[in-house]
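As a plain string of letters, each chain reads:
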Amino acid sequence: MPDYIVLDFGASNPRQCVMDSSTPNAPSEEHRRSTRPSRVVLSKWIRRIHLFAGLFLAPWVLMYSLSSIGMIHREAFTGHSKRVPPEFVVERVEPYNKPFAEDATADQAATQILEDLDLAGGFKARGSPDSKLVITRDRAIGSHRVTYENAQVTVEKQKFGLNFFLEMLHRRSGYQEPYLTNDLWAIAVDVVIIAIIAWAFTGIWMWWEMVRTRFLGGLAFIAGTLLFILFLALI
Amino acid sequence: MARITFQYAVRRLHLYLGMFSLPWVLMYGITAIAFSHRDWFKGEMDPWTIEGEWECSVEVPAEGDVSRSTGAEILKIAGLDTTAFGVYRPNKDTVNINLSSFWTARGLVYKVDEQKLTLRNRSKLTGHILTGMHVRAGFHNGGSLNNLWGIIVDVVCAGFTLWIVTGILIWWRIKRMRSWGLLALGGGFISFAAFIILL
Numbered sequence: 007m008p009d010y011i012v013l014d015f016g017a018s019n020p021r022q023c024v025m026d027s028s029t030p031n032a033p034s035e036e037h038r039r040s041t042r043p044s045r046v047v048l049s050k051w052i053r054r055i056h057l058f059a060g061l062f063l064a065p066w067v068l069m070y071s072l073s074s075i076g077m078i079h080r081e082a083f084t085g086h087s088k089r090v091p092p093e094f095v096v097e098r099v100e101p102y103n104k105p106f107a108e109d110a111t112a113d114q115a116a117t118q119i120l121e122d123l124d125l126a127g128g129f130k131a132r133g134s135p136d137s138k139l140v141i142t143r144d145r146a147i148g149s150h151r152v153t154y155e156n157a158q159v160t161v162e163k164q165k166f167g168l169n170f171f172l173e174m175l176h177r178r179s180g181y182q183e184p185y186l187t188n189d190l191w192a193i194a195v196d197v198v199i200i201a202i203i204a205w206a207f208t209g210i211w212m213w214w215e216m217v218r219t220r221f222l223g224g225l226a227f228i229a230g231t232l233l234f235i236l237f238l239a240l241i
Numbered sequence: 055m056a057r058i059t060f061q062y063a064v065r066r067l068h069l070y071l072g073m074f075s076l077p078w079v080l081m082y083g084i085t086a087i088a089f090s091h092r093d094w095f096k097g098e099m100d101p102w103t104i105e106g107e108w109e110c111s112v113e114v115p116a117e118g119d120v121s122r123s124t125g126a127e128i129l130k131i132a133g134l135d136t137t138a139f140g141v142y143r144p145n146k147d148t149v150n151i152n153l154s155s156f157w158t159a160r161g162l163v164y165k166v167d168e169q170k171l172t173l174r175n176r177s178k179l180t181g182h183i184l185t186g187m188h189v190r191a192g193f194h195n196g197g198s199l200n201n202l203w204g205i206i207v208d209v210v211c212a213g214f215t216l217w218i219v220t221g222i223l224i225w226w227r228i229k230r231m232r233s234w235g236l237l238a239l240g241g242g243f244i245s246f247a248a249f250i251i252l253l
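Line order of the protein sequences matches chains E and W.
Sequential numbering from 7 applies to the first sequence in my numbering.
Sequential numbering from 55 applies to the second sequence in my numbering.
Here chain W stands alone, though its shape is the one from the complex (with noise of 0.2 Å):
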């Protein structure tokens, strides 16, 4: 068995890390295109299939944000049971909450004004599907998936700065790669820095 040292263990901690996250780190890698080339995405949406409809009369604060509890009390009324939603309000006379996948969007609008909720869905274009992924957090979306997804997110935001100290520390050990290296880690800082006064 091998003996556990600090070089040991920074190694282990770089590969292991980077193989249970794999999936995220390329799927972040790859839906970066889809921000970064918006134009290779454009395309039309389907248009919105109407599920249902009901009369709602849930009250909703004036202005602000409206409480997951009251986007709980609007999914009964449409007759869902789930604790994974999102509540948003694009204006005072309307409520969004979505019920977030990575396929399809769905979801219930509330017409504030008028007391009516409607449930709609419709597919996402790939450009869509691709920031989708990016983007979601989890922890905004409630739901114990969700959550889990979210915990997994903060474990490769954190497993990037992971792969950069241990990645440093193990090229460091390299004696032979230490001045190339050097040269690589101080132009990119260099170049980072130029961008960052320049930009």
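The following block holds chain E by itself, in its conformation from the complex (with noise of 0.2 Å):
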């Protein structure tokens, strides 16, 4: 019986990735088993997607779990109960006499100041641009402001504020918008969930293969499954 695989990813023969101790010289049927090219190679690359995810994903996971943090002790990291944005500080105050096209709705005028003003990204607009127009760029690192009123606009950074960076990337999906690099980042948000249900399910695979730790990763991996039902039934 093996008591443990050596995560030793390179190794030229797969084969060589299991190690045992104290493998008598007539190996078991769930050596035999273990030892299979075919389990062996599948062992190999298992490890390797909950090891190469892992360190692909490591910020965002970090971002989603500093973050979750923040949220839950938000009253501890700011003092407020309720998320407060960092206040917005005046940048600029110039003209802007570019026409928009005949009937343009909100959206079509924010995009074009966002242009003019190379701040082109996800947005959100309110008001109508015959009148007065406040449109708010999200971003992380600072979100800007931007009112058009009376042919003239003016552009207001965010401060920075650390809880509000980490909350808002945690709160970003990004398929709403219309721009590539929101879709990109909407297609990083689902590809670090499949890797955080793939991270379950390559664990528990993983934990198997370690006879040794068998009996305490049961009892903690049923300890868990325990509690969380009853949460589900009792809260």
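Certain hints may be false.
Stated by the list, open to error - Heads up, simulated DSSO-like pairs for lysine-lysine below, C-alpha to C-alpha not over 27 Å straight-line: (1) K130(E) / K104(E); (2) K130(W) / K165(W); (3) K50(E) / K229(W); (4) K178(W) / K165(W); (5) K88(E) / K50(E); (6) K50(E) / K138(E); (7) K146(W) / K170(W); (8) K178(W) / K88(E); (9) K146(W) / K88(E); (10) K88(E) / K130(E); (11) K130(W) / K130(E); (12) K130(W) / K146(W); (13) K88(E) / K165(E); (14) K104(E) / K50(E); (15) K165(W) / K88(E).
Calculated directly from the structure, the hints in this document are not laboratory data.
Please read these numbers as outputs of a predicted model, since none were measured by experiment.
Starting from the two chains in their separate frames, assemble the complex, guided by the hints.
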């Protein structure tokens, strides 16, 4: 029976991955099963997926975990129980005389203004280009607020706040915006979702291969699962 | 018995924390889909079912948050004896007391200007069950079970950070994987930074 399988992803012969400090002369059935080439190759790939997905997605996982702590204990970090956005500071005020297309909607006018100000990207627009238009260009590193009124634009930048920055990234999805970067971010978020689910299953596979930890690992798994079911039923 | 070295402890922490937290990890992974793809979970909500109505004259401040003690007072009028609830004020004339549950929406609505208290409930849509589970922190709802849930959520949040840290330590010991791992880690950080700047 193998004691454990060394995390030797680069072994030229996949069989070398399986280590056993007490392999008897006549290998057990389980040992034979675990050293079948197909299983060893599968095991190697499962370990690689677990490792490389974890390394590549490390920034996202850190962002989600740290921002969650910041949101759950917002009062401890910010002194406010509710989300309070950092204040905006005026960056510049300049004339804006470029005409809008006839019957331009608020979104169309906002897109034009943001492109002219080199601030193109995901935004929310309130008001009308005929009177007053307030555009919020959401950015994690500090949103811009652009107010268009009387052929003049006022550009304000939001001050940086770490808690707000992390929370904004946590809440950001992306598919709703007509920008490629936003769609790519949304795809990255979906990849993180798939990876989180995959880590759970690949983790179970890897745990099961380590015979020595089966008992305690199983105990931890059962305790967590029972507790989770209890919560689902009671709260 | 295995000798307890730093690497041994790191590997065991990585493993056992994962095994214990597995239901929560899966829950957060699955429920996040409801946020990323809201359109998939749209639907018509059932109408509220009224469980009871009472006259109520509990005084609340003219504006601002309503305290939990006032919430408990309102609950008593409806004959409810629980410490697990949340008090919210959507507007100055209304106080909502949510009796949080994963599966149903149930709560009291106190119309301050009408001095009327209503207990109502309705089934949650799948999307609401998923998002509700995802955002449930626990501590704000009071009650020992909610607080315990909150503690486990904290452990899972810390766990995600620890899995990255311990994962990096475990990976670094596998010399043959260092260059590919560095490529993955570096690629991840560079793409993340690019998103932060470009989004």
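Outcome of the hint check:
1. Distance hint between K130(E) and K104(E) is fulfilled; the C-alpha atoms sit about 21 Å from each other, no more than 27 Å.
2. Taking the CA atoms of K130(W) and K165(W), the gap is about 16 Å. The hint holds against a cut of 27 Å.
3. For the proposed pair K50(E) and K229(W), the alpha carbon gap of about 16 Å is at most 27 Å, so the pair holds.
4. With a CA separation close to 23 Å, the supplied pair K178(W) and K165(W) stays within the 27 Å bound.
5. Annotation: proposed proximity of K88(E) to K50(E) is violated, straight-line Cα distance about 47 Å (limit 27 Å).
6. At roughly 61 Å between alpha-carbon atoms, K50(E) and K138(E) are farther apart than 27 Å, so this suggested pair is violated.
7. Distance check on the hinted pair: K146(W) and K170(W) sit about 14 Å apart at the alpha-carbon level, within 27 Å; holds.
8. A threshold of 27 Å between alpha carbons decides the hint, and for K178(W) with K88(E) the separation of about 25 Å falls inside it, so the pair holds.
9. Of the supplied pair hints, the one linking K146(W) and K88(E) holds, its CA atoms being roughly 17 Å apart against a limit of 27 Å.
10. Only pairs whose Cα atoms come within 27 Å are accepted, and K88(E) paired with K130(E) is accepted, the gap being roughly 21 Å.
11. Pair hint K130(W) plus K130(E) does not hold up; C-alpha atoms about 44 Å apart against a cutoff of 27 Å.
12. Restraint check for K130(W) and K146(W): the C-alpha separation of about 22 Å stays at or below 27 Å, so the hint holds.
13. Straight-line distance between C-alpha atoms of K88(E) and K165(E) comes to about 18 Å, which keeps the hinted pair within the 27 Å bound.
14. At roughly 61 Å between alpha-carbon atoms, K104(E) and K50(E) are farther apart than 27 Å, so this suggested pair is violated.
15. Proximity of K165(W) to K88(E) is assessed by CA-CA distance (about 23 Å); at most 27 Å being required, the pair is judged to hold.
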